Structure formats: C-alpha cells, structure tokens
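J.: Here's the letter readout for the chains.
4 protein chains.
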Amino acid sequence: MHTTPPRKTTRLRDLIEGPQLGFLMEAHNGLSARIAEEAGFPGVWASGLSISASLGVRDNNEASWTQVLEVVEFMSDAAGVPILLDGDTGFGNFNSVRRLVRKLEQRGVAGVCLEDKLFPKTNSFLKGAAQPLADVEEFCGKVRAAKDAQHCPDFVVVARVESFIAGRGLGEALRRAEAYHRAGADAILIHSARPDPAEILAFRSEWGDRLPVVIVPTKYYRTPTRVFRDAGFAVVIWANHLMRSALASMQKTAREIYTRECLHTVEPAVAPLEEVFRLQGAAELERAEKRYLPARDAPALAPPDGPRYVEAGANGVLVS
Amino acid sequence: MHTTPPRKTTRLRDLIEGPQLGFLMEAHNGLSARIAEEAGFPGVWASGLSISASLGVRDNNEASWTQVLEVVEFMSDAAGVPILLDGDTGFGNFNSVRRLVRKLEQRGVAGVCLEDKLFPKTNSFLKGAAQPLADVEEFCGKVRAAKDAQHCPDFVVVARVESFIAGRGLGEALRRAEAYHRAGADAILIHSARPDPAEILAFRSEWGDRLPVVIVPTKYYRTPTRVFRDAGFAVVIWANHLMRSALASMQKTAREIYTRECLHTVEPAVAPLEEVFRLQGAAELERAEKRYLPARDAPALAPPDGPRYVEAGANGVLVS
Amino acid sequence: MHTTPPRKTTRLRDLIEGPQLGFLMEAHNGLSARIAEEAGFPGVWASGLSISASLGVRDNNEASWTQVLEVVEFMSDAAGVPILLDGDTGFGNFNSVRRLVRKLEQRGVAGVCLEDKLFPKTNSFLKGAAQPLADVEEFCGKVRAAKDAQHCPDFVVVARVESFIAGRGLGEALRRAEAYHRAGADAILIHSARPDPAEILAFRSEWGDRLPVVIVPTKYYRTPTRVFRDAGFAVVIWANHLMRSALASMQKTAREIYTRECLHTVEPAVAPLEEVFRLQGAAELERAEKRYLPARDAPALAPPDGPRYVEAGANGVLVS
Amino acid sequence: MHTTPPRKTTRLRDLIEGPQLGFLMEAHNGLSARIAEEAGFPGVWASGLSISASLGVRDNNEASWTQVLEVVEFMSDAAGVPILLDGDTGFGNFNSVRRLVRKLEQRGVAGVCLEDKLFPKTNSFLKGAAQPLADVEEFCGKVRAAKDAQHCPDFVVVARVESFIAGRGLGEALRRAEAYHRAGADAILIHSARPDPAEILAFRSEWGDRLPVVIVPTKYYRTPTRVFRDAGFAVVIWANHLMRSALASMQKTAREIYTRECLHTVEPAVAPLEEVFRLQGAAELERAEKRYLPARDAPALAPPDGPRYVEAGANGVLVS
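Residue numbers (our numbering), protein chains in the order written: chain G, 36 to 355; chain R, 36 to 355; chain S, 36 to 355; chain A, 36 to 355.
None of these hints come from the bench; they were simulated from the model.
Incorrect hints may have been included.
Stated by the list, open to error - Below, computed lysine-lysine pairings styled on BS3-like, alpha-carbon distance capped at 25 Å:
no., chain 1, residue 1, chain 2, residue 2
1, S, K138, R, K325
2, S, K254, S, K182
3, S, K287, A, K287
4, G, K254, G, K138
5, G, K162, G, K138
6, A, K325, G, K138
7, G, K325, R, K162
Said to hold, decoys possible - Pulled from the structure, derived: some chain A residues nowhere near chain G, Cβ distances all over 10 Å:
no., residue
8, G75
9, R239
10, E291
11, E310
This one's a predicted model, so the numbers in the text were calculated from it and none came from an experiment.
In this text, a Cβ means the ideal position worked out from N, Cα and C, and glycines have one as well.
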C-alpha cells in the first residue's frame with residue numbers, strides 16, 4: 036500500500052477504464068490467486084460461487100461476510116495484482132456495505148461488485164430458482180454508501196444488473212444501470228444466463244459509453260472474444276474456471292488413487308512438491324531465517340546469571 | 036453426532052485398529068473433502084501442507100490455529116467420513132493441545148496427529164531446513180494432555196515420529212515411539228523423506244504390534260502398496276495429492292485462458308456448473324425452500340392492521 | 036456434553052418449563068458469563084445489544100453472525116450454566132437459521148431466541164426507529180427450520196414477538212404467538228418498550244398456558260417481580276445490566292485515572308489481580324503444568340545422538 | 036488512514052518520543068477503547084491480560100493470535116486514538132512477528148510491544164510461575180523483523196524487558212535493553228513486579244536517554260506519578276484497570292440482582308440505555324438512514340414490469 040508502484044486500486048481502475056479489453060481471472064483462495072497472477076492476468080475476480088464451493092457451502096450466503104472477508108484477505112496477501120470481490124448483495128443493507136468497503140480497503144482489496152438482488156442471494160445460474168430483484172432506490176442507496184465509505188480514491192464499485200437473470204427486459208436493465216450510474220457506480224456488470232451474447236450486446240449497444248461495461252461469459256462461452264472487443268466492453272471476467280478446473284482434476288485424481296491404491300500413475304500429473312514450496316514462497320523464508328535467526332552454532336550472548344533458557348525459532352535454536 | 040450410525044470417531048478408530056490396510060485421502064477445504072468421500076475413501080487427512088498452500092501461506096504455522104480450525108470445520112461439515120487433522124506440533128504447548136482437542140471434538144473432527152517438532156513447524160520435506168525435534172518428555176506431556184482432554188472415547192491421537200526426518204537413527208525412532216505409546220498415543224505415524232521405504236520398513240519390523248503404524252509415502256511413492264500391506268502397516272495417507280492435482284490443473288487452465296483469451300477450449304476440461312451445484316447440495320436447499328418458505332403466490336396471513344412488511348427469503352418473498 | 040449431569044440444553048428447558056419463575060442474567064463475553072454463573076444464576080442471556088456494544092459496534096448486525104458465534108463460544112466455554120443466545124432475526128432466512136442452530140449446538144449453546152423483525156435488525160428500544168415486522172409465514176418457516184435442524188432433543192427455540200414494539204395491538208401479538216406456537220416454538224418472548232407491564236400482562240392473561248412466556252423488563256423495571264410471578268410468567272431476562280454496569284464503572288474509572296494521573300484512589304475499587312487470575316482459572320493450569328510438563332530440573336531422556344533441542348512449555352523447558 | 040490529521044502511528048510515536056510524560060489507558064474491547072478515548076487519553080494499551088480475561092481465557096496465549104487481532108481490530112474501529120498492542124512474545128518466531136506487524140498496520144493499530152519471554156507466555160504477575168526468558172539474539176531477530184516488516188514509517192515497536200520479572204539483575208536488564216536498542220526497537224518497556232519503583236528507577240538511571248522508557252506501575256501503584264515524571268520516563272501504562280473495574284462492578288451488580296430478584300436498586304447505578312446507544316454511534320446511523328434509505332412513504336421507482344420485490348433496509352422497506 037505504501038510502495039511507489041501504482042496502488043492496486045489504481046491498477047484496477049485503469050484496467051476498467053482503459054481503452055483495451057481487460058480480463059479478470061477467477062480465484063477462490065490464496066493459491067489460485069497467485070496462480071492467476073503468475074499466468075499473466077492483471078487482476079483477479081474473487082468469485083462468490085467459487086469461494087463458497089471451495090469452502091464446501093452453497094452460494095446462498097451460507098458463509099458469513101467475515102468468513103468471505105478472511106478468504107479474500109488471504110488472496111490479497113498472496114497476489115500482487117488487484118482483486119475485485121464478488122460482494123453479492125453487500126451482505127445486508129447500505130450499512131453492511133459501508134462496513135464491507137472499509138474492511139476491503141484495509142485488506143488491500145481493490146474493488147467490490149454489488150448485485151441488485153436480495154440477501155441471502157441465489158446463484159444466477161441455478162435453474163428454477165427465483166431471482167427476485169432489489170428495489171432500485173434501496174440498491175442505489177447501497178451504491179452511494181459504498182462510494183461515500185471508500186478512502187482510497189480509486190477504489191472501484193461495480194454495480195451488477197440482474198434484470199436479464201430475473202427475466203426482465205432490456206428496458207429495465209437500462210433503467211437500473213442508469214440509476215446505479217447516477218448513484219455513483221464506477222462500472223456496470225450486465226449479467227446474462229443465455230448461451231448467446233444477444234442480451235449483453237443489446238445492452239451494450241443501447242447503453243453507449245456512459246460507464247464501462249463488464250461481462251461474464253460463463254454461459255455464452257462460445258462467443259469469440261473479438262465480439263466483446265468489437266462491441267466495446269471494458270472487462271471480461273472468466274468467472275469460475277480455476278475452481279471448476281480444480282474440481283474436475285481432484286475428482287479424477289481421487290478416483291484414480293482410490294481405484295489403484297497407489298500414487299505411481301498419479302505422480303506425473305500432479306504438481307511436484309517443489310512447485311508447491313515455490314508458490315508458498317519458501318525461498319523467501321529461507322533467506323529471512325538467515326537474516327533474523329541466530330547462527331546456529333555461534334555462541335549466543337552469554338547469560339549473565341542463572342541457567343540459559345531458549346525459544347524455538349523457525350529452524351529452532353541449538354543449545355550447545 | 037447424535038445419529039444411530041457409528042460416530043466419526045469410532046469409524047476412524049476402526050479404520051486404524053482394523054485388520055485391513057486403510058487409506059486416508061488428503062483434503063484441504065470443504066470441496067476436496069467431499070470429493071475424497073465421493074471417491075470412496077473412508078476418511079480424510081486434513082493436511083497442514085495442503086491447507087497452508089491453498090490458503091496461500093507457508094507450512095510454518097503462518098495461519099493461526101483457529102484459522103486452521105475453521106478450515107477443518109468447513110471440511111467436517113462437508114464430508115460424512117471422519118477426518119484426521121494434521122495438527123502439526125499442537126500449535127504451542129500441552130495446554131494448546133488440550134484446547135485444540137476440545138475444539139476439534141466440537142466440530143466433529145475424529146482425530147488429531149501431533150508431531151514431535153518445534154513450534155512454529157517446518158515442513159518435513161523442505162531441503163536444507165533444520166528439523167529440530169521436541170524434547171521427548173515435553174512431547175509425551177502433549178500426548179497425555181490430548182488423551183485426557185478428549186470427551187469422545189474413540190477420539191484418535193496419532194503421535195508422529197520425526198526422527199528419520201531429523202537425520203536420527205532407528206534407535207531414537209523406536210525410543211520415541213515407545214515413549215509416546217506409554218503416554219497414551221493411539222497410533223504412531225513414522226515419517227520418512229527417503230525415496231525408498233527402507234526406514235519405515237525397518238521401523239515396522241522392530242516395532243512389532245505395540246500400536247498401529249501409519250505411513251505417508253509421499254517420497255517413496257514408487258513402492259507398491261502390497262509392500263505396505265505385507266509389512267502390516269495400519270493406514271496409508273495419500274498426503275497432499277488433491278491439492279497438488281488442483282494446483283497443476285489450475286496452472287494449466289490459467290495459462291490456456293490467458294493465452295487464448297477465451298473459454299472455448301477449456302470448457303470441456305472443467306467441471307460443469309451443474310456438478311458444482313450438485314456438490315454444494317443445491318438440491319437439498321431447493322427442497323428445503325419448498326418446506327420452509329411461504330408459497331410465493333399464496334395469500335400470506337393478512338396483517339391485522341397497517342401496512343404489510345416483508346423479508347427476503349432464499350427465493351425472495353413476492354409482494355402482490 | 037458427555038458428562039453425567041444433565042446437559043445444558045436439558046437444564047435450560049427445565050428452567051423454561053418448570054413451575055418456578057426462572058431468571059437469566061445477561062452476559063456478553065466469557066468473563067461476564069462466568070460472573071453471572073458465580074452469582075448464582077442458572078442460565079445466561081447472550082444479549083445482542085450487549086455483545087454488539089461491548090465489541091464497539093451497533094445493534095444492527097454490524098458484527099457478522101460468525102463473529103457473534105465466536106463470542107458465544109467463548110461464553111459457553113467459560114460458563115457451566117446454559118446459554119440462551121439472542122439470535123436476532125436469525126441473521127438471514129430459514130437457511131441461515133438452520134446453520135446457526137447446528138453451530139450453536141456444536142458450541143454447547145443451549146438455545147436461541149429468534150425475533151420476528153427484518154435483517155439487518157434494529158434495537159427495539161431505539162426511539163424513532165422503524166420496527167418493521169417479518170411476514171408471519173416466513174418467520175414460521177424459520178421456527179420450523181430451527182426445530183428441524185436441532186440434534187439435541189432439548190435445544191430450546193424461543194420465538195420473540197415484536198408486535199408491541201412495532202406499535203401493533205394485542206390481537207396481532209396473540210395471532211403471531213399462536214402461529215409461532217404451531218410452528219414449533221418452545222416458548223414465546225413477548226417484548227414491550229412501555230414503562231409499565233400493561234402490555235405483557237394483557238398478553239399473558241389472554242395467552243394462557245399454551246407455551247411458557249418469557250419477558251424482558253428492561254423498560255418496566257419498576258414492576259415488582261412478584262407481579263411477574265403471580266401472572267405466571269416462565270422466565271425473566273435481566274437483559275443488559277452487566278454490560279451497562281461495566282460501562283458506567285469503566286467510565287468512572289477512566290475519568291478518575293485521567294484526572295488524577297494515578298492509580299492510588301482507584302486501586303481499592305477495582306478487582307484485585309488475584310481475582311482476575313482466579314476467574315481465568317489460573318490454578319487449574321498450575322496443576323496441569325505439574326502433570327504435563329517435564330520436571331524442570333530432572334534430567335530429560337538423553338538424546339541418543341547429536342545436539343539437544345528444546346521447546347518452550349507453558350513454564351518453559353530448562354536446559355541444563 | 037487517508038485523512039489530513041496525523042496518522043495514528045505518528046501520534047503514538049509523538050506520545051512516546053515527546054518531552055512530556057504520556058499515558059496509555061488499558062482497553063480490551065471496542066467499548067472500553069471508546070471509553071478510554073472519551074475520558075481524554077491520547078492512546079490505548081490493548082492489554083493481553085485484559086483481552087484474555089474478558090474473553091474468558093487465560094493469559095497464556097489460549098486465544099489464538101488472529102482472535103487477538105480481531106479484538107484489536109474492533110478496538111481500532113471504535114477508537115480514534117492510537118492503540119499499542121500488547122503483542123506478548125509475538126505469538127511464535129520472527130516470522131510470526133512479521134505477519135503480525137503487517138496485519139496490525141492494515142487494521143490501523145499504531146504499534147506493538149514484544150516481550151522477551153517464551154511462547155506460550157505466562158503472565159508476569161503470576162506468583163510461583165516460571166518466567167523463562169528468550170534467547171537475546173533470537174529476540175533481537177524478532178525486533179529486526181518487526182521493524183523491517185512495517186510499512187508506515189512511524190509504526191512503533193516497543194521491546195519489553197522481563198529481566199526483573201525473571202529474577203535477574205540490573206546488569207542483564209541493561210544488556211538486553213541495549214541489544215534490543217541496537218536491533219531497532221523504538222522504546223524499552225522495563226517491567227517490574229515489585230511493590231516499589233526501585234527496579235525501574237535503577238534501570239532508568241543507568242539507561243539514560245538511549246531510548247524512551249515505558250513503565251507499567253500495576254504493582255508499584257502507590258508511587259506518585261511525579262516520581263516517574265522526574266525520573267524522565269516517557270510513558271506510563273495504566274495496564275488493566277478498566278477490565279478490573281468492569282469485573283468488580285459486574286460482580287456487584289450480578290450479586291445484587293440475583294439476591295433481590297429485581298432491577299430497581301441497580302438501575303440508577305448502571306449506564307442508561309441512551310448512553311449505550313450514544314457510545315455505539317446510533318445517531319450517525321440514524322442520519323445515514325435518512326441519506327441512504329428510500330423515503331419510506333415516497334413512491335419508489337415504479338417497477339417497469341411484473342411484481343415488485345423488496346429488500347429490508349436498516350429500517351425496513353415499506354411496501355404500499
């Protein structure tokens with residue numbers, strides 16, 4: 036937060052407001068956030084679905100907002116790139132949103148996306164689930180509260196419009212987006228569960244350039260990315276694919292080890308231990324131990340009187 | 036905890052004390068625990084390395100013991116099979132161990148493994164890292180404290196002998212194991228970082244049947260499992276392979292999406308959304324909503340006076 | 036949970052269903068819970084107002100439900116008497132309530148009180164604040180969900196009727212109480228903000244003995260307790276007085292130390308350090324150290340080879 | 036953190052380095068921190084003893100370091116004055132200290148005090164308890180690590196010398212203080228359990244002005260403050276008196292309510308509810324509701340199609 040390179044908030048804002056189509060990769064814990072960063076992504080989407088799925092709970096706010104906060108804090112510590120948190124509905128009312136924004140800024144999270152549904156939320160892709168929308172004015176109050184609560188000038192508040200998810204038409208989507216724009220949102224996320232980009236393209240076309248528009252092509256994944264680029268979208272979120280990749284891979288590995296009762300065939304397919312240690316930053320700790328721990332064989336400061344007590348360091352303290 | 040099938044503690048004890056070679060599959064969050072269970076494994080190893088790696092921190096007790104406790108609580112809620120927690124050194128002294136055991140029992144965790152190293156710990160496979168061992172008597176105090184603290188009669192305390200890791204000989208391994216046995220341990224985990232099973236076989240041969248012996252063939256993974264079975268080991272732990280599988284898979288997926296800027300080629304390789312929802316238990320919630328939420332179009336109990344207030348349910352409350 | 040004396044849940048149920056007027060004393064952390072128990076109270080009311088006030092936040096669900104859960108876990112560990120948690124509105128919908136009940140049971144909390152207002156809640160005594168009520172059917176779903184979720188047969192679910200707080204009449208209070216009764220509530224808490232007991236006496240008189248009735252005479256504190264006893268109430272909750280006592284006392288002490296710049300006059304009025312240590316259970320730890328730590332001057336098991344490493348115990352490990 | 040008045044870190048540093056004798060008042064939760072601030076104190080001492088006692092656990096690191104972190108975060112949010120955390124031994128080794136410092140800075144905590152004992156720690160005033168000291172070089176590594184980890188230039192690291200507590204002489208106290216000074220400590224806390232100030236005065240006299248010296252006159256509370264001022268100490272910590280005041284007051288109140296079975300005599304002695312609400316900041320929320328919530332009777336933006344859904348705000352959403 037105090038280094039000379041641009042703050043994470045500034046980098047996320049530049050990504051959203053810049054002339055190029057930007058990309059955010061989903062992550063759901065510190066490990067996946069670091070992986071997303073190493074792959075080259077300029078930012079991370081801390082997905083509510085992925086975080087809840089990896090915790091083993093449902094995407095219905097079963098984890099409390101402080102449990103989500105702890106996950107995203109680990110992510111923020113692990114990754115040098117900015118994180119945009121999928122903040123669901125803000126986990127309550129405008130006051131909940133204010134607290135959330137302050138806590139996110141403290142943890143170095145660069146922005147939050149708020150969606151105009153009801154707490155507790157329902158995943159937008161759950162078939163047959165009702166997708167009731169928030170009252171527009173009440174949601175605008177949340178957006179205003181978020182913007183007023185932020186201390187970092189570049190903290191990003193994205194307003195997610197769920198009109199299409201709820202089966203409403205383009206008109207309502209535009210009216211809501213405009214209301215959220217006036218309330219101070221920095222970008223609009225227009226969501227769609229259709230297998231084609233018709234809804235989001237129609238929205239983009241009508242919306243113009245009033246605010247950057249973010250999309251999540253989970254369902255219309257077949258659409259070539261140049262279509263999004265040509266249409267002038269600001270950011271594409273690859274919203275849950277690291278979690279889904281991990282899930283499929285773990286299922287396969289678990290079945291194979293269970294069936295074969297051995298590791299032999301699995302070993303080449305899993306990451307080497309050294310790669311785990313590298314991603315955890317073991318090398319930095321090794322250097323730090325040299326710097327901060329007493330040399331193990333060097334004579335320590337002699338105790339002036341009485342017996343000598345010791346305390347264990349990361350690599351222990353040898354008592355000669 | 037109150038159902039008629041055997042408690043998780045009893046099932047873990049049976050696994051360890053039974054005549055067959057048993058297997059525990061590593062998991063590090065609710066999702067991987069459920070995957071391990073679905074693959075058929077009768078129990079889960081909540082690995083310290085995997086938990087720390089997935090959180091994005093080092094395997095040096097960077098996560099606090101209550102953060103680890105929260106991870107294993109999510110795992111215990113997600114999986115019906117018993118969990119043995121890799122409890123490192125117990126996160127402090129005998130008193131820390133007592134608190135840990137009580138908290139684990141409350142969360143439905145079936146057992147804990149304590150290792151005879153120093154807090155904060157160092158991963159046993161880190162090359163070049165010092166691996167100082169605990170004082171034997173002090174560690175025996177931890178084992179006794181753990182056993183005295185448990186309420187569930189079948190809660191399992193495994194004592195992990197790190198003598199080979201520390202470069203000591205078989206003699207010390209046996210002396211330590213015997214001391215931990217006398218202190219009340221339910222099983223011995225004998226650890227080795229060699230690429231072959233020489234150390235653990237030597238130990239097993241000398242040790243006899245005084246207590247069940249648990250092994251972790253991460254480094255000697257080429258050894259056929261029948262060798263372990265023939266030697267009379269009690270349990271084999273596949274100690275970190277779901278995490279390493281997820282790691283490799285996420286790296287590959289992240290690189291591919293980053294390079295191609297699209298989801299098209301990745302989609303067939305990742306788990307479908309429906310599989311995510313299934314593992315999260317979405318179907319149960321759908322049924323529960325029918326049971327506990329008001330019928331959405333049915334007339335609610337008419338308010339006796341004044342206006343009608345509503346509250347959002349999981350699928351919202353429609354106001355006519 | 037596994038000892039021979041009655042479970043905490045059974046003791047709370049007996050208190051509520053017994054023929055005598057029972058009393059619950061408010062507490063808001065482990066220390067106050069232990070103090071309430073030592074004073075003789077058979078149970079503790081974990082007050083939402085007091086917990087939030089002591090944390091330094093507002094009684095509007097600013098603390099997350101897992102933060103409240105952690106507070107009540109410390110309380111449950113500290114006190115041997117049963118705890119009834121002020122569960123506000125259940126912190127969400129019926130599904131939130133199910134999770135809450137399971138987590139409370141794991142922590143040894145004996146019951147929960149749910150109120151028929153909206154999340155995030157508003158304190159019932161805040162003048163001028165709107166006090167919108169929950170939809171009756173939706174709230175009944177929460178009560179049913181709570182009862183279905185409990186494992187301990189005696190876990191107590193109290194339904195709190197806020198009709199009077201919201202300015203509604205006796206008729207609605209009775210209709211709501213009856214609906215919650217049919218939904219499975221174990222007791223009704225009838226709340227009133229009047230300075231006299233008129234509302235709660237009218238309710239009690241009309242309600243009869245369908246379910247035990249709990250009251251909170253914070254505002255009608257002048258009413259003699261025999262009035263409550265004669266009217267046949269089941270339990271009186273002294274709802275926030277330890278917190279308010281601590282608050283007043285700390286203000287006085289802080290001002291005095293600030294003004295006088297010394298401790299001299301304050302010392303006789305504050306608890307001695309020995310009393311703090313006694314309430315923390317220091318004596319038990321001292322005994323445990325004798326039991327579990329190596330005798331400090333006794334020769335430890337000699338290390339078979341190489342240097343001797345040590346680990347700090349609660350009172351350290353002396354290295355000769 | 037981003038406002039124009041001096042940062043909390045700067046204010047704590049000024050307090051310690053300034054020419055006047057400064058005072059820090061103990062607090063242990065958000066409420067007591069706010070009370071200390073309102074009484075006029077320029078800073079707060081987040082006492083390990085008081086925090087553990089109020090949680091209901093022992094002062095032996097029974098609460099994890101992240102549980103302590105959460106307490107101090109509530110305190111930091113509640114109080115505008117800087118907080119110096121009693122960081123015990125740093126909760127582990129130098130690496131634990133680095134993480135702690137970073138987390139404290141994120142939460143707006145202005146400094147940390149580290150003591151040269153062993154983890155898990157023992158309260159310095161516990162009679163008969165062993166008070167083993169840390170190895171000097173190992174502890175110096177912690178101090179260096181803390182200083183290197185801080186981002187805010189004014190973050191304060193106080194090194195607490197426990198030599199007198201451990202029964203060592205002045206010579207060792209001075210040698211340790213000098214070693215910690217060279218390691219980068221910003222101030223020395225010299226601790227004593229004697230009922231008179233002989234030890235700390237002797238230390239101050241020999242030490243000179245190499246670094247500011249902080250004292251904790253819990254045991255030598257009879258010493259007039261002018262003695263400390265004349266001797267040139269930098270800061271006096273009133274280390275546990277709000278907690279002990281609350282404890283005594285709650286015991287008295289609990290006993291009285293239990294005995295009398297009524298609130299009548301207690302009411303005048305406890306803080307009024309309005310004072311609780313004032314300290315919680317209820318007025319600010321009331322203003323914020325006017326700003327962020329829809330006017331309750333105003334017609335909301337008409338839904339363009341279909342039924343109207345609502346979400347509860349802090350004071351609810353009325354649906355006409």
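J.: Now look at each hint and say whether the structure bears it out.
T.: Okay, the hints, checked on the actual structure:
no.	hint	verdict
1	S/K138 - R/K325	holds, 23 Å
2	S/K254 - S/K182	violated, 31 Å
3	S/K287 - A/K287	holds, 15 Å
4	G/K254 - G/K138	violated, 32 Å
5	G/K162 - G/K138	violated, 33 Å
6	A/K325 - G/K138	holds, 23 Å
7	G/K325 - R/K162	holds, 15 Å
8	G75	holds, 26 Å
9	R239	holds, 20 Å
10	E291	holds, 36 Å
11	E310	holds, 22 Å
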